[in-house]
Structure formats: structure tokens, C-alpha cells
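Visitor: Read off the chains here:
Protein chains: 2
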Amino acid sequence: MTGTLYVIGIGPGDPELLTLKAVKILRDVPCIFFPKGKEEGISLARSVVEGVIDLSQKELYELHFPMAKKQGNKFSRELTERWDEIGSAITGILAQGKDAAFLTLGDPCIYSTYFYIHGLLQKGSRIQIEIIPGISSINLAFSKIEQPMALADEAFVVIPAAYWESFEPLLANFHTIVFMKVHKVFYQLRELLSQKGLLRNAWYVSKLGMKGERIIADLREVTDEDLNYFSMVILKGRKDE
Amino acid sequence: MTGTLYVIGIGPGDPELLTLKAVKILRDVPCIFFPKGKEEGISLARSVVEGVIDLSQKELYELHFPMAKKQGNKFSRELTERWDEIGSAITGILAQGKDAAFLTLGDPCIYSTYFYIHGLLQKGSRIQIEIIPGISSINLAFSKIEQPMALADEAFVVIPAAYWESFEPLLANFHTIVFMKVHKVFYQLRELLSQKGLLRNAWYVSKLGMKGERIIADLREVTDEDLNYFSMVILKGRKDE
Chain E
1 MTGTLYVIGI GPGDPELLTL KAVKILRDVP CIFFPKGKEE GISLARSVVE
51 GVIDLSQKEL YELHFPMAKK QGNKFSRELT ERWDEIGSAI TGILAQGKDA
101 AFLTLGDPCI YSTYFYIHGL LQKGSRIQIE IIPGISSINL AFSKIEQPMA
151 LADEAFVVIP AAYWESFEPL LANFHTIVFM KVHKVFYQLR ELLSQKGLLR
201 NAWYVSKLGM KGERIIADLR EVTDEDLNYF SMVILKGRKD E
Chain P
1001 MTGTLYVIGI GPGDPELLTL KAVKILRDVP CIFFPKGKEE GISLARSVVE
1051 GVIDLSQKEL YELHFPMAKK QGNKFSRELT ERWDEIGSAI TGILAQGKDA
1101 AFLTLGDPCI YSTYFYIHGL LQKGSRIQIE IIPGISSINL AFSKIEQPMA
1151 LADEAFVVIP AAYWESFEPL LANFHTIVFM KVHKVFYQLR ELLSQKGLLR
1201 NAWYVSKLGM KGERIIADLR EVTDEDLNYF SMVILKGRKD E
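These protein sequence lines are chains E and P, in that order. Per the working numbering, residue 1 is the first one in the first sequence, and the count goes up by one each step. Per the working numbering, residue 1001 is the first one in the second sequence, and the count goes up by one each step.
Treat the hints with care, as some may be off.
[Said to hold, decoys possible] Under 7 Å between C-beta atoms, here's a sample of chain E residues computed to sit facing chain P:
| id | residue |
| --- | --- |
| 1 | Glu16 |
| 2 | Leu17 |
| 3 | Leu18 |
| 4 | Arg82 |
| 5 | Ile110 |
| 6 | Pro148 |
| 7 | Met149 |
| 8 | Ala155 |
| 9 | Pro160 |
| 10 | Ala162 |
| 11 | Ile215 |
| 12 | Ala217 |
[To be verified] Simulated crosslink set (DSS-like; lysine-lysine; CA at most 27 Å straight-line):
| id | chain 1 | residue 1 | chain 2 | residue 2 |
| --- | --- | --- | --- | --- |
| 13 | P | Lys1024 | E | Lys207 |
| 14 | E | Lys211 | P | Lys1024 |
| 15 | P | Lys1144 | P | Lys1184 |
| 16 | E | Lys98 | P | Lys1144 |
Hints were generated in silico from the structure; no laboratory data involved. Backbone N, C-alpha and C fix where the C-beta goes; we use that ideal spot for every residue, glycine too.
Using the sequences and the hints, build the whole thing.
Guide: Put into C-alpha cells, the structure is as follows:
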């Protein structure tokens, strides 16, 4: 019997935002896979789970996921080979009949690296996969700024900030826009919001639920030190006003 | 000392999708507010929490929230008066120095009735409010169909189905579209997706995490019996394909 792979969203960083289901599975499984972005770094996911679960009796595997960058419309061969390796490593352990958990920060379905290997794991193997949703940093961000993502007939859109050139047509159609990973284009975005008179409708948040959390209601106060990978700008539109 | 109001997202229906934080607060607070949509109905939120928390020693308050329908661009006077009443009831209890939890299904910031009273609670009172995010039915839906909401440079949009006339321009710009509460326009939407050759890119899901859960990968199999308020259609776009 092949084991089951539980793909678990562990939330944005606060161990208290784990679900009961996540904790129960993590207590039960003998193996846990911790993805991490940099080969030498400590897995952030691991530090979250260690706050709640005793890991001393588990088999732990750190998996290095390189940043996924496309070359034109395709991923590099180096990258797809690495995903193949990771997929084989996971399949090999499950083939021993052990259940395992694969951790993702936030929710497994929102910008998580897990889906780069999902197709590989499904293909030609008899692995059972169950995905457990988690609190995403987007959900936490709106809780912290005390604003609805959407109410009644409103619509919202989430876009990676690299996509922000399309900002102007979006503004006419959506009540709420979430610009993800905004650090590299923050100053251009702030300038545009300023020109449009929208600075009062925007929030900057970063590292939510982690050490160094920042929630800045006035974008003019954001400086270089506040900018990092775990950043977003939330814009509440003025439609209907 | 006025009490603190904890606005808690309890997830989509499965008690196991409560967070550790939600459970801890629910155990600690002496009072719980259960909103419900129909005066005579049983609070769905209550049945979720009863799966995990002993409510026998708590003060429980059921709050009837009528459906929020706008008259033109405004809410009816009857509705805003009802919200005022609810706001006063909550403020009155917190003024006794008691902490309380206000439950919302899913996440408090995604289409929850709570935000109709948030402004009232903040206004002129010294209530402390803390919002605790929850797993939304949207997050659960993508976990169940094993699809990413977004990966890498992709963007996604969530719209109430009443808004679906704008569907065609959206399709060119977003990888993923979630049509919320789709029951009233389901057949028109299905026809449009069929005409566009997009039936294979869509899923119908309803009552996720509740009794009667339905996940239908082929929209042609959906019948009247499957349609209800807790429904959505997920469309994965063909951009980049």
C-alpha cells in the first residue's frame, strides 16, 4: 500500500493560525517534507510547525525549490529537472507505505510552489493526495487592516505586482485590488496612486504573522527598509462612492 | 473596562478547519454572537462550533441579519435600522466588561455580513475589535478540485455571479475566475462557457465542507437539485496555453 500525501497549508506564520486538521495530520504522519526557497536557509514552514508539533520522532526532509522563473513562456530545463527530482524523492518515500505531509506557507492553492510538482505526483503513480487549505497572507492582511475584501455585489482581484501596468482598467471594474510581492515596483505604484488621488485608499503590509510584521496605512511612510518579498499593497477602490 | 470583540472566521463548515486561535478564543470568552440569515433558522455557525466547543456555560446570542439588498445605490432604512439594533446589542454587552466572539462562516473579510456593522461598532465607542481570519469556501474549493488559484505571474478574480455580464473581457486578462453564488444565473453561464469552448476548464462546487457537498467537474451534469446559495463556478482560463 502506497502512503497518502497531505499537502497542508500552515498559514502565514503564526502557529496559532494552523487549523485543527493540519495539527491532527502533522501529529499522525511519520514523514514531513519542508520546502524552502534557498538551499542554505532554514525552512520558515519548519519554524511555524515547531511551535505546535514535536518533530523529534519524525522523518524530516528539506526540499530545495529554486525560484521559478520562465525563459520566454517555458521554465528552464534545470528547474523542471529539479522538480522531477523532488517528485521522485516524495514518490519513493510514499512507496514505502508511509504517509507524509508536504508543508506550504499560507494556502497550498495560492502562489505556492507545490503546484509545480502536483502534476508529476499524479502522473503514473498510485499516490493518494489530499490538499488541506490554510489561512493565506491575503486573508490575514484584510483582517489586520479591518477591511472587507468584498461585500455584497463587489468583486476583487489579486495580481502579482509585475502585472501592475494593467492597473488603470482594473480600477474601474473592481472594488478591491491586491498587488502581491510589490517590493520591486513599489515606488512606481505609489507614484501612480498618488497621481490618481488614491493614496488614502491604500495600505502597505509585509511579513504578516512573521517577525518584522509591518502594516502601514499611509504609503508615503514606506521606506526601502520596509520592502521585501513578503509584501503587498491593498487598494480599496472608489467605485460607487 | 469595556470587553474585546473577537470577530472569528470559523471556516466553511467542517469543524476541523477551525484555527487553533479560533478555538482558544471560543473557549475563553463568556459570550458568543451567532449571526443567522433567517429569523427562524438554526445558525449554521453554531452547529460548526458545537462540534469542538462546549457551549453549555456560555451566554449565546443569535442575531438575525436580513439579506442585504440595495434600493438603488442605498440600503433600505429597515435594514440600516436593524444593523443599528445589532450594533447596540453588541456594544451593550461589551460595556459590561465581558469579552465576546462574533462568528462568521468562512473568513470575516470575504462576503461576510459582519462588515455591515463594523463601522457602527467603531464609531464613538471604546470597543476593542480583533478580527481572526478563517478558511474561506474559496480556499477549500481549490483544495478540493486540486487546482491553484494562481501560480507565479498569474492573477485571479472573484466576482459575484450577478456581475457575470462582464465575463468576456475578464477572460482575456485573468487565469482564474471564481463566480460566487452562481445558482440564479447558472444556466446562462453554462451556455456561455459552452459557446466559448470552455466547459472543460470549469468546475461547479456547492455546500463545501457542509452536508450535501457537491463537486462536479463536468458542468453538463449539474441539475436544478445541485443549485443553491452556497454555490460557485471556478473557471481556469486558457491564457498562455
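Visitor: Each of the hints needs a verdict: does it hold here or not?
Guide: Each hint, compared with the structure:
{"no.": "1", "hint": "Glu16", "in the structure": "4 Å, holds"}
{"no.": "2", "hint": "Leu17", "in the structure": "5 Å, holds"}
{"no.": "3", "hint": "Leu18", "in the structure": "6 Å, holds"}
{"no.": "4", "hint": "Arg82", "in the structure": "15 Å, violated"}
{"no.": "5", "hint": "Ile110", "in the structure": "5 Å, holds"}
{"no.": "6", "hint": "Pro148", "in the structure": "4 Å, holds"}
{"no.": "7", "hint": "Met149", "in the structure": "5 Å, holds"}
{"no.": "8", "hint": "Ala155", "in the structure": "4 Å, holds"}
{"no.": "9", "hint": "Pro160", "in the structure": "5 Å, holds"}
{"no.": "10", "hint": "Ala162", "in the structure": "6 Å, holds"}
{"no.": "11", "hint": "Ile215", "in the structure": "13 Å, violated"}
{"no.": "12", "hint": "Ala217", "in the structure": "14 Å, violated"}
{"no.": "13", "hint": "P/Lys1024 - E/Lys207", "in the structure": "24 Å, holds"}
{"no.": "14", "hint": "E/Lys211 - P/Lys1024", "in the structure": "22 Å, holds"}
{"no.": "15", "hint": "P/Lys1144 - P/Lys1184", "in the structure": "23 Å, holds"}
{"no.": "16", "hint": "E/Lys98 - P/Lys1144", "in the structure": "22 Å, holds"}
In this structure, the earlier hints numbered 4, 11 and 12 are contradicted, and the remaining ones agree with it.
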